[in-house]
Every structure is written in structure tokens, then in C-alpha cells.
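The opening residue of the sequence shown carries number 3 in the numbering used here; numbering runs sequentially from there.
There's no promise every hint is true.
[Claimed, not checked] Here are the in silico distance ranges between beta carbons for each label pair: (1) K79 x L34: 31 to 39 Å; (2) I42 x I86: 33 to 41 Å; (3) A46 x I86: 26 to 34 Å; (4) V64 x L22: 41 to 49 Å; (5) I59 x K83: 31 to 39 Å; (6) V71 x V24: 18 to 26 Å; (7) T53 x R18: 43 to 51 Å; (8) Q28 x G52: 13 to 21 Å.
Worth flagging that the hints you see were computed from the coordinates, not collected in a lab. Where a beta carbon is used, it is the ideal one built from N, C-alpha and C, also for glycine.
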Amino acid sequence: METLEKPSRPKSGNSRNMLLAVMVGQVGILTLIIVIAATIGGLALDRALGTKPWFTIGLLIVSVPVSIVLMVLIARKTVSKIRIDDSNTPVRKEDEIGKDS
3 METLEKPSRP KSGNSRNMLL AVMVGQVGIL TLIIVIAATI GGLALDRALG TKPWFTIGLL
63 IVSVPVSIVL MVLIARKTVS KIRIDDSNTP VRKEDEIGKD S
């Protein structure tokens with residue numbers, strides 16, 4: 003009686019998927035931490051200085067571009083790791099087109 007073996011996935015695909023999952027998790031947690039810190043800091047400043055919503059609103063508005071910049075940095079770092087993992091795979095002709103321009 004023959005046993006059927008599951009086809010194994012290439013390790014590079016698994017590591018790529020894992021890196022993407024980690025990146026999404028990092029971006030989500032980091033964005034949440036930044037927004038919560040901006041809210042708590044704004045409320046504390048408003049309470050201390052008596053300027054009811056202004057510091058909270060200001061810090062929340064500033065937290066958006068900070069989150070976006072950190073998101074881009076994390077994504078670029080993850081993509082560079084994926085490219086390092088893919089350096090052992092052969093390069094297709096389509097990937098080379100437009101690289102020099």
C-alpha cells in the first residue's frame with residue numbers, strides 16, 4: 003500500500019508569507035500605539051493647560067503622518083528582506099525590463 007505525501011511548499015514562499023504577516027502585525031500595533039499615545043498625551047495636556055480639545059485634536063492630526071512614515075519604513079525594510087530571500091531564485095526576463103531606465 004502506497005502512502006500519499008503532501009506536496010511540500012517552497013521555503014521561500016513560506017518565509018515571504020511570514021514576513022508579510024509580521025509586517026502587517028507590526029504596522030497595526032504601531033499605529034494603535036501611536037494613536038493611543040497621542041490621545042492620552044493630548045488629554046493630559048488639555049487638562050493641565052485648560053485648552054479643552056485643542057492639544058488632543060492637534061496630536062491626533064500629527065499622529066497620522068507619523069504613522070504613515072513609520073508604515074513606509076517598516077514596509078521598505080520587509081521588502082528588502084523578501085528581496086534578499088529571493089536572490090537565489092532565477093531572474094525572469096520580465097523582471098529585467100525597465101530596470102536600467
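Check your understanding: Which earlier hints turn out false for this structure, listed by number in ascending order?
Key -> 1, 3, 4 and 8
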